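Turn these sequences into a full structure, and let the hints steer you where they fit.
Residue numbers (the numbering used here), protein chains in the order written: chain A, 270 to 558; chain B, -15 to 273; chain C, 4 to 308.
These are calculated hints, taken from the structure and not from any lab test. Remember, predicted model here, so these are calculated numbers, not experimental data. Nothing false has been slipped in among the hints.
Under the rule of at most 27 angstroms between Cα atoms (straight-line distance), these lysine-lysine pairs were calculated in the BS3-like manner:
no.	chain 1	residue 1	chain 2	residue 2
1	A	Lys348	C	Lys82
2	B	Lys80	C	Lys219
3	C	Lys121	C	Lys189
4	C	Lys17	B	Lys168
5	B	Lys162	C	Lys30
6	B	Lys162	C	Lys17
7	A	Lys348	A	Lys495
8	A	Lys546	A	Lys521
Reference listing, derived: stretches of chain B covered by chain C, where coverage requires no fewer than 3 residues with Cβ under 8 angstroms from a Cβ of chain C:
no.	segment
9	-13 to -6
10	106 to 119
11	132 to 139
We put the beta carbon where it would ideally sit given N, CA and C, even for glycine.
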Amino acid sequence: MKKIIAVIAIAFGIAIYAQKKAVEIAGSDTMLELAQALAEDFAKETGIEINVGGGGSGTGIARLINDTVDIANSSREIKDKEKKLAEEKGVKIYEVKLGIDAIAIITNPKNSVKNLTVEQLAAIYKGEVTNWKQVGGPNIAISLYGRQNNSGTYIFFREHILNNQNYSPKMMGMNGSAQIVEAIKNDKGGIGYVGIGYLNDVKGQVKIVTVNNMMPTDEKAVLSAKYPIARFLFQYVSDKRLEREEIRRFYKFALSKKGQDIVKMTGFYPLGEKKAKELNKEVFPLINK
Amino acid sequence: MHIINKKIIIEKIGIILVSLSTLIVISSLIIIFYDILVKGIDKISFEFLFTFPKKNMTEGGIYPAIIGTLYVTIVSVIFSVPFGITAGIYLSEYSKENKFTTLIRTTIKNLAGIPSIVYGLFGLGIFVTGMKIGESVLSAGLTLGLLVLPVIITTTEEALKRVPESYRDASIGLGATKWQTIKKVLIPSAGPGIMTGIILSIGRAAGETAPILFTGAAFYLHTLPGSIFDKFMALPYHIFALSTQHAQLSKVRPIAYGATLILIFLVFMLSSIAFFLRLKLRKISEGNL
Amino acid sequence: MPLFIREGQMIKYKSTEKILRIDKIAKSIFTISGIIIISILMAIMIFLLKESIPFFKEHGVIDFLFGTSWDPTSGVEEKYGIIPLFISTLMVSVGSLVISMPIGIGAAIFFSEYSKGKISDFIRYIMEILSSIPSVVIGFIGITLIGPFLAELTGTNNGFNAINGSILVALMTLPTIISISTDALKDVPKDMRDASISLGSTKWEAIIKIVVPYAKRGIFASFMLGVGRAIGETMTVVMATGNAPAIPKTFLDSVRTMTANIAIEMGEVPIGSKHYHALFAIGFVLFIITLLVNLLSNKITKRKI
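Structure (structure tokens):
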């Protein structure tokens, strides 16, 4: 009997220990798959487990500030408000750029509109344009699809395309980019914004609209900023958490060629090893301690 | 018109209406279940049930989510059923009819109306943070237990109140004490109603997402929870994440359906016990009228 | 001691003192647990209030209750008006009850009065199991099945609207209403029905005039639990009603219920911020609404009984 108890206790102990040692990442849904893929390969290589959750960029950063997560995935830059709150709580936050994401504007295949200018896009999302015929399309009411205010994609789009003006209150708030894609497949008047990582799977079911006549899938256009809606994919980590060796090793991995290949595999534009070092000047020395 | 004819017509209309209602309910549920069955059954396999997710959730199984849901439902039942039944007995048999008791009943009915997400907030504030239990099976289980408590209390009280006063009088008249009356006469008689409350609660606890979002549910963990103080994966959250947030929608959709089937089956197993108990109790109480 | 005494069975003897002692212990246990429960339930109420007050202090109640725009993260001007959210909740709850109450009672009457035997029990069993379909799945069905169907039917672009929400929430509350009402009806003593029929009424008359009124209290309780569930349903509406923050004008518009709003925004708010407390304030409003509905129903029951 005592032996059995001992064995069970040890097993519990190991299980608890195993869970405790894991790295916790949460935040951007856009980056969920990327983080998962990195976690899997990293675990294969080093045996260090990583748990990945979603919740939106805002959620991830909030958790980082509340010190309940190791790393926050974010598809937008951290807000000044958030930086201030972190300072107040005595948390110093470091920014790591992992890759580049282009945001695609998608519509239903039944919609004949091929291109939109940034101005048209803004007018549509502010609610000033409400019918496709106003931008040269069929006479169908526009169904506006977007994300929620916890989403980095939502904030980024509003800052860069709407110039921080308000979204139309008629814009529907979907719970993830996947849901936007899903909805537009069935809505002939639909328009939505999603990271290109979400379009690996949907050939022919949604249509990608060119913006200023550029495609988000055109690497040159994106990297040269000719395609106007592109953004960095960030990870935020606190100074306290960087002290954990597992996390430093993770970043070495993510910013190496192997990691950057994974970025590419999940559908984003990698920075490449050289650029990764350059753009992450601040954190690199800390990572390589 | 002859009064008998009128009555017959009304009777026929009445029967049609109630049969129609039942038909609507049953056919809606059958359509839904059929949809889930057809789209999920292919996924069910030994691997699906007993292995961890692989390749970024697009392959492998949902074993940890199944175990997580089981753990957390059991915790919530252990907490809510004894408490709920005893509170229901208290309200029905021991408390006096005054303003205080009315206040209590109103409180309970109100709590049945509080959104599941608010229970989640309470769980976060009191169990996770306040009592420092942290995000865990215990916190989430207690939170779910609180969610279903009003249902159990209300159904217990109602079932007891439906037992005719004559039973109590007869029992006391035969020399039994209050507790003996409750134990041997009232509870068996009210048994079926109480069981209904339990059945409804099990289903609710196993299937809720909002209360466990911030109290312990995670999207991806590498190990099973080692104790009730660990985080866990859960079927409802898994289904939500897979169906709204995962990038490779068409690959994970079948997994979401499969997970749904499993969840329904799980609740089926847990409720079956309560269901058969209810049948037995009803037979006893009806047979002995 | 055995549950029911059969002829010739030997009974274990307990002294009177022991029996009375057990009785006293039982009474204490029940009273204590009753008090504990009440305290827990009160704690939730107080917690809600405590976390909402900072928001009311900072922002003021009038603008919150009567403001027509909800946009707490706006880059232009933060807005905290709950009218759009309130109207959305109203539309979805009332819409769902209009569907679930009549159908619920109808089905309950069927199960209790018109179907007998093992098959009936089995059907009810299946229904209760199917009713364990989680809110997430119902929401999912709303997106994949019911939404497109509604869009076809009404000629709109999509099914992310209040009707979809009402149907889905009705689906979620029906099992509660049916189960509890069926129990209430089944508990009506057989003599009542027999007496009525022997006096010349038809079965239907007996049901409507005698059985249902007798079971009134239980049926009403099931309605109240149903109302509570309808107002408080979260995940289903989050997934299938579009969550647009505009004031909905028709049932074919997208709605954003108070519950959905809390679920969506809670993960993002830094603990202790104005937005955080604003969400609790919404929770508090929901609580008050449920309170008022229950007080109203108490008044109605008092008059009936």
